[in-house]
Amino acid sequence: MSFFNKYIKATAILVCIGLLVSCKKYLDVRPKTEAPQDVLFNSQQGFKDALTGVYIQMRGSSTYGNALSFGTIDRLISNWDVTANTTDQRIGLYQFQDEGVQSTFRSIYNQVYYSIANLNALLAKIDQQKSVFTTNGLYEIVKGEALALRAYLHLDILRLYGPIPEAVDPAIKLSYVRKLSSAVHPVSDFAEYKSLLFADLTEAEQLLKDIDPVLQYTIAELSNPAPTAVFNPEDSYMAYRHLRLNYFAIKALQARTHLWFNEKEQAYAAAKEVVDAKNQNGSTKFRLGTSADMTATNYVLTPEHVFGLYDFDMANSFLNNFNSGTYKKGANNATINGQLYGSTGTDIREANLWQQITLANQSNAYILRKYRINTTGSTAITSVATDYRQIPLLRLSEMYLILCETAPAADAQTYWAAFRQARNIPVTTLPVDPVLKRIEVIKEYRKEFYGEGQAFYAYKRINAPKTNVLFTPAAATINYVVPVPVN
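Residues in the sequence shown are numbered from 0 upward in steps of one, following numbering that gives the first Met the number 0.
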């Protein structure tokens with residue numbers, strides 16, 4: 000078994016270590032996989048375990064392992080077929096008063112804040128316990144990542160439960176939680192929430208900007224640490240930076256966040272830094288995926304991942320969610336190829352990301368195979384280089400689309416051309432009018448991030464009318480603001 004697999008499987012058992020927060024008190028008991036704060040945070044290993052636990056939590060079904068990637072968030076824009084009179088159908092009809100719908104969004108809300116609470120437990124102790132860090136740079140890495148993750152999670156709370164950024168409702172207030180406490184947390188208005196979010200991102204950037212190994216080594220080198228390799232870290236926790244919220248992921252998150260607040264110049268600068276990132280030999284740090292990646296069954300396009308979550312069980316997730324027909328769109332390619340891609344015949348997403356299958360009841364289903372993992376044959380996982388079990392959370396393609404929307408006209412067209420060429424579709428001319436240009440760019444979010452959750456946020460950001468939201472049922476009245484759970 001490779002070092003990488005040993006590392007991932009060993010850390011998978013740590014999801015409960017020191018991370019269970021009670022409304023009354025911290026843990027009194029100490030099972031094998033749990034520890035109270037005073038034990039957990041008395042060594043640098045404890046801090047590493049706690050942070051690893053948060054990453055593992057984020058793979059949960061109520062967050063990025065389902066609900067906030069291909070699940071609930073994509074059902075809001077009717078990406079999947081539904082059965083009549085079900086919670087899934089009512090989600091796509093925006094029936095937020097329904098108890099089943101409320102329960103679904105309550106679970107997401109609870110789980111996201113649960114992860115935030117665990118980050119706050121770590122952050123509350125890390126400066127007090129700075130002396131336990133003996134590995135050079137590890138304190139900065141752990142604290143920087145924890146702050147950035149807290150910002151990442153709070154941004155998604157804002158994007159889902161907060162107001163439409165172009166039509167802010169002052170009555171909508173959310174909690175930006177920075178302390179672990181059983182008390183009711185204060186709520187912030189839109190401006191204060193924004194200020195707290197950027198404060199975390201700025202501090203995280205400052206901590207990582209000079210010491211993150213992603214700045215010095217290629218992704219391939221970081222994924223193959225060894226005594227005889229180019230990258231031989233003092234602590235293996237410094238490896239696999241693309242699976243952690245690294246320095247460039249912070250810049251990508253800044254770009255996404257600035258765009259949410261319609262701060263185009265700042266979004267442009269942050270996204271450009273990610274796109275322009277170079278290795279020491281002059282090669283690009285991240286690259287757009289191409290048809291060659293699809294041919295290699297890298298459907299999730301890992302070379303684009305500025306930040307992704309490692310999911311060692313992705314093969315089973317695909318079988319249970321997609322190959323079962325739970326998530327499907329139509330019985331054949333007519334809906335997807337015709338309405339989504341425009342039957343180009345060349346688009347690498349149209350040609351590779353979907354397949355027709357026959358279900359147990361002998362009916363046909365057209366399913367997304369973005370998360371399909373080959374376990375046998377010539378394209379099976381044999382090394383880190385062919386291990387594509389990553390849930391994408393920040394991708395280079397999003398940075399290109401941000402640049403298309405925010406860059407000066409000539410530069411925007413250059414980025415647009417590069418993006419479309421990578422997807423093997425004709426290069427068109429972006430409209431000069433900024434409103435029309437934005438609509439043209441937003442169309443690509445639906446194609447690009449199918450099964451990743453980003454399309455809903457793109458529609459909400461621009462308050463897209465129903466006519467611009469593909470697949471919306473005739474009976475639906477779009478409501479982009481998911482109510483904050485009452486409890």
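Check each hint, because a few of them may be wrong.
Calculated lysine-lysine pairs in the DSBU-like style (CA-CA distance at most 30 Å, straight line) [claimed, not checked]:
{"no.": "1", "residue 1": "K178", "residue 2": "K284"}
{"no.": "2", "residue 1": "K47", "residue 2": "K208"}
{"no.": "3", "residue 1": "K446", "residue 2": "K284"}
{"no.": "4", "residue 1": "K263", "residue 2": "K328"}
{"no.": "5", "residue 1": "K328", "residue 2": "K193"}
{"no.": "6", "residue 1": "K124", "residue 2": "K172"}
{"no.": "7", "residue 1": "K328", "residue 2": "K271"}
{"no.": "8", "residue 1": "K465", "residue 2": "K277"}
{"no.": "9", "residue 1": "K328", "residue 2": "K208"}
{"no.": "10", "residue 1": "K129", "residue 2": "K442"}
{"no.": "11", "residue 1": "K193", "residue 2": "K172"}
{"no.": "12", "residue 1": "K193", "residue 2": "K178"}
{"no.": "13", "residue 1": "K124", "residue 2": "K284"}
{"no.": "14", "residue 1": "K124", "residue 2": "K271"}
{"no.": "15", "residue 1": "K178", "residue 2": "K271"}
{"no.": "16", "residue 1": "K328", "residue 2": "K172"}
{"no.": "17", "residue 1": "K465", "residue 2": "K193"}
{"no.": "18", "residue 1": "K328", "residue 2": "K436"}
{"no.": "19", "residue 1": "K124", "residue 2": "K277"}
{"no.": "20", "residue 1": "K277", "residue 2": "K263"}
{"no.": "21", "residue 1": "K129", "residue 2": "K172"}
{"no.": "22", "residue 1": "K263", "residue 2": "K284"}
{"no.": "23", "residue 1": "K277", "residue 2": "K172"}
{"no.": "24", "residue 1": "K436", "residue 2": "K193"}
{"no.": "25", "residue 1": "K284", "residue 2": "K328"}
{"no.": "26", "residue 1": "K124", "residue 2": "K178"}
{"no.": "27", "residue 1": "K263", "residue 2": "K172"}
{"no.": "28", "residue 1": "K436", "residue 2": "K271"}
{"no.": "29", "residue 1": "K47", "residue 2": "K129"}
{"no.": "30", "residue 1": "K446", "residue 2": "K436"}
{"no.": "31", "residue 1": "K178", "residue 2": "K47"}
{"no.": "32", "residue 1": "K277", "residue 2": "K328"}
{"no.": "33", "residue 1": "K271", "residue 2": "K193"}
{"no.": "34", "residue 1": "K124", "residue 2": "K193"}
{"no.": "35", "residue 1": "K263", "residue 2": "K465"}
Keep in mind that the hints were calculated from the coordinates and are not lab data.
The structure displayed is predicted, hence computed values, not measured ones.
Outcome of the hint check:
{"no.": "1", "hint": "K178 to K284", "result": "violated, 35 Å"}
{"no.": "2", "hint": "K47 to K208", "result": "holds, 20 Å"}
{"no.": "3", "hint": "K446 to K284", "result": "holds, 24 Å"}
{"no.": "4", "hint": "K263 to K328", "result": "violated, 35 Å"}
{"no.": "5", "hint": "K328 to K193", "result": "violated, 37 Å"}
{"no.": "6", "hint": "K124 to K172", "result": "holds, 28 Å"}
{"no.": "7", "hint": "K328 to K271", "result": "violated, 35 Å"}
{"no.": "8", "hint": "K465 to K277", "result": "violated, 41 Å"}
{"no.": "9", "hint": "K328 to K208", "result": "violated, 43 Å"}
{"no.": "10", "hint": "K129 to K442", "result": "violated, 47 Å"}
{"no.": "11", "hint": "K193 to K172", "result": "holds, 11 Å"}
{"no.": "12", "hint": "K193 to K178", "result": "holds, 17 Å"}
{"no.": "13", "hint": "K124 to K284", "result": "violated, 34 Å"}
{"no.": "14", "hint": "K124 to K271", "result": "violated, 35 Å"}
{"no.": "15", "hint": "K178 to K271", "result": "violated, 33 Å"}
{"no.": "16", "hint": "K328 to K172", "result": "violated, 36 Å"}
{"no.": "17", "hint": "K465 to K193", "result": "holds, 28 Å"}
{"no.": "18", "hint": "K328 to K436", "result": "holds, 28 Å"}
{"no.": "19", "hint": "K124 to K277", "result": "violated, 35 Å"}
{"no.": "20", "hint": "K277 to K263", "result": "holds, 23 Å"}
{"no.": "21", "hint": "K129 to K172", "result": "violated, 34 Å"}
{"no.": "22", "hint": "K263 to K284", "result": "holds, 24 Å"}
{"no.": "23", "hint": "K277 to K172", "result": "violated, 40 Å"}
{"no.": "24", "hint": "K436 to K193", "result": "holds, 26 Å"}
{"no.": "25", "hint": "K284 to K328", "result": "violated, 35 Å"}
{"no.": "26", "hint": "K124 to K178", "result": "holds, 11 Å"}
{"no.": "27", "hint": "K263 to K172", "result": "holds, 24 Å"}
{"no.": "28", "hint": "K436 to K271", "result": "holds, 19 Å"}
{"no.": "29", "hint": "K47 to K129", "result": "holds, 13 Å"}
{"no.": "30", "hint": "K446 to K436", "result": "holds, 17 Å"}
{"no.": "31", "hint": "K178 to K47", "result": "holds, 20 Å"}
{"no.": "32", "hint": "K277 to K328", "result": "violated, 39 Å"}
{"no.": "33", "hint": "K271 to K193", "result": "holds, 22 Å"}
{"no.": "34", "hint": "K124 to K193", "result": "holds, 25 Å"}
{"no.": "35", "hint": "K263 to K465", "result": "holds, 25 Å"}
Comparing the model with each earlier hint shows violations of hints 1, 4, 5, 7, 8, 9, 10, 13, 14, 15, 16, 19, 21, 23, 25, 32; every other hint is respected.
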